[in-house]
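Using the sequences and the hints, build the whole thing.
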Amino acid sequence: MRDERFNFAFLDERSKRMIRRALLKAIAIPGYQVPFGSREMPLPYGWGTGGIQVTASVIGPNDVLKVIDQGADDTVNAVNIRRFFQRTTGVAVTERAPEATLIQTRHRIPETPLHERQIIVYQVPVPEPLQRLEPREAETRRMHGLAEYGLMHVKLYEDIARYGHIATTYDYPVMVNGRYLTAPSPIPKFDNPKMNMNPALQLFGAGREKRIYAIPPYTRVESLAFEDHPFEVQRWDAACALCGSRESFLDEVVTDDRGGRLFMCSDTDYCAGRQAAKAAAA
Amino acid sequence: MSVILEARGLAKRFGERPAIEDVSFELHAGEVLAVVGESGSGKTTLLNCVSGRLRPDAGTVRFMTRHEGLKELYADLSEAERRFLARTDWGYVHQRPEEGLRMNVSAGANVGERLMALGERHYGRIRTAATDWLSRVEMDPERIDDSPRTFSGGMRQRLQIARNLVTDPRLVFMDEPTSGLDVSVQARLLDLLRSLTRALGLAAIVVTHDLAVARLLAQRMLVMKGGRIVEQGLTDQVLDDPQHPYTQLLVSSVLQP
Amino acid sequence: MYVAVKGGERAIRNSHELLAEVRRGDPAVPELSLEQIKQQLKLAVDRVMTEGSLYDPDLAALALKQAAGDAVEAIFLVRAFRATLPRLGYTEPLDTSRMRLWRRVSATFKDLPGGQVLGPTYDYTQRLLDFSLLEPASKAAAPEDERAADAMPRVVDLLDGEGLVERHEPPAGDPDPLDLTREPLRFPAERSVRLQNLARADEGFLLAMGYSTQRGYAHTHPFAGEIRHGAAEVEVIPEELGFPVVIGEVALTECQMVNQFAGSKTEPPQFTRGYGLAFGHCERKSMAMALVDRALRATELGEEVESPAQMQEFVLSHSDSLEASGFVQHLKLPHYVDFQAELELVRKMRRSA
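So the sequence lines, in the order shown, correspond to chains A, B and C.
All residue numbers for the first sequence refer to my numbering, where the first residue is 1 and numbers rise by one.
All residue numbers for the second sequence refer to my numbering, where the first residue is 1001 and numbers rise by one.
All residue numbers for the third sequence refer to my numbering, where the first residue is 2001 and numbers rise by one.
If you are wondering where the hints come from, they were derived from the structure by calculation, not from laboratory data.
Since the structure is predicted, the reported quantities are computational estimates derived from the model, not experimental observations.
Built from N, CA and C at the ideal position, the CB exists for glycine as well.
Heads up, none of these hints are tricks.
Now the in silico label distances, taken between C-beta atoms and shown as ranges:
(1) C:Pro2308 to A:Leu24: 29 to 39 Å
(2) C:Pro2308 to A:Arg179: 28 to 38 Å
(3) A:Gly60 to C:His2221: 51 to 61 Å
(4) A:Asp256 to C:Arg2127: 46 to 56 Å
(5) C:Arg2087 to A:Arg2: 18 to 28 Å
Given below as structure tokens:
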């Protein structure tokens, strides 16, 4: 299964050690973006190179890997990344979230709660939550150093003044451990509460921007808000057409060209599990 | 009255050229001090040095903090502490309001920013404070959600003042606060500044090349030439009975009221 | 009933097979050999080596073949391969004043020691399609003595004798430069780091940035002091020997721009410099690099930073074709979840409006 022409998990051991040192620093300072010597990976920047490098640095032969993109195991990018690790490590893979020891994800956190023996690796396109407000890195670094985050609240204030509510729906900024303003990666804000006090270790890799950050297990993660405009997650009027769930994040599917729509779980593993349970009960 | 700011022996040079040399003065709580002089006399460099924005080459600037006595800005305070002071106990009014405002967010957000930076997390209270301050600077509170881009120069300057005063600072630095404006607008703004500084008991350092501004706002004034203070004293005294030849020249070159 | 499409695995496999077929084209036409690419598409190979930052004509040719001639894709392949190689050591700095020259021109002096050597260049060709190339050509031969010239002094060094050009002494202790292939880019970046970034930068991006400095977005008044193309020896000092040993030769293109400079409070009026260096024959790239290098020195020389080419965060963060191409094209990846979240928001806002 494993292609022996490559080193285990592709990266050479020195590069992995460099990344693991950055990870240790990241875990020691929750939410702080650690610069690291990101390597050119055989996948394009913006397609998960940060997550892949983090996964490659922590994966061992006994790990069980799950890779998801938009919550699904079978989208082409998830398949491609999973194949890459199967080819370079030969580890076991799974689609069942609770069975995985290592989950690499793009844009979702699984609906099934994570547990202590798991690591979740997020692919991050833009690690700097302030970048859209202040593009100069030298300036944002100073703002993090001095914990000057008024600007972020100005943005949220403007949303409320203009729309009556905070109009950020994904990559919704969080405060980690009461200190660092952090980008949760483009997960929907629906997933933000799952980050708070999560028993799993959460690692974030941004390859193109060359940053690593982390949220250790059981760390406080708060979504920014105002007292009189508290943080809220999305809710749907519909239930999943396949498993009937009303608790999960739903994708909208266009069924015909006459405006037909239906909703189904974005987390395919969660949905399949519920369908199987229903079938067994019937 | 107690000293709120004290400068001793300040000097700053850019390359070979000294911008200010051996400048010393005191500012008392609630007092407005004008710094006058022609352009290139070192006024703005002095303002930057005493407001923590530019480290002088020599000399000290001490500020009377609320709870910890006199602190030297550059030796006793970290950059974080200076920046904290700058957005709480101090204000800084730029000549061009565009430099002191965030032009891409609403008037309300401009006024509310300092409150949010200090940890205010109640939208309603921020709105109330912003509305209140817009009226206090004689702006229409209805315009709270408008962009400063839609405001006239005078309105922008009022907004900048409101944005600075919302945290109840004790000391405000102003760099030519009225010089970009039409004469009639200038007069109304000066009136507003005078009543605000008196009502709030604000100490202020106002840099201006306009003696009329000094006369209207300041109890005391410094006259600068070539980076040095050539004369200082009570405003009326300096203007009515100037001692230094340069001051005499300045005063005589303006039409007397 | 719509069912989510399974079968990403199969889709990818099929796509790979299609790609191989399209790349090969009509099997009746003979397949390109690497040797053909190396010999007959040499400038493409040179660009891939330069931006791939790996001096290996065989691998660059392989990458071009695999990428069906797409230079940016080929550069990506070379970089990804390069990332798996251990860094065994560093060579000594190349001495470009001792290059064996195939071409050397200066726009600042009509004649100079060593003379102008035009060499192989498209510069003075008329850009008319040469229909004789439709047929396999007979041997093209150039006069023997035009082929290479011996080492000759660098033009900038001639000016330097008069003290008219700024000197660049290594900083105290001659510290090792940061290695951009091992360490992340941090700001502000010093010149040695900036030059590494520019050397790997996308040629099109650098060209546009350099061009902008000529059209009023940063005035640097450049003169092409010298462009030289030739081969330089590469030396290493093996630990067990302790003295330099030549391990081979690399083909290079070097450009030194000379820029007007009025002087500042601390510097007398003199010419400043911008520097460009590329593997192989990449003149456009090395000239654009030199322009941008000079523009990026604005702060150091006390110039107002007003234009994009002077802003190091702007230039250096957007110059890499892997980063740019990857992130632009990642928009092809599914964004269902984010789009769904936005869809709900727009609906909610329309309801409340």
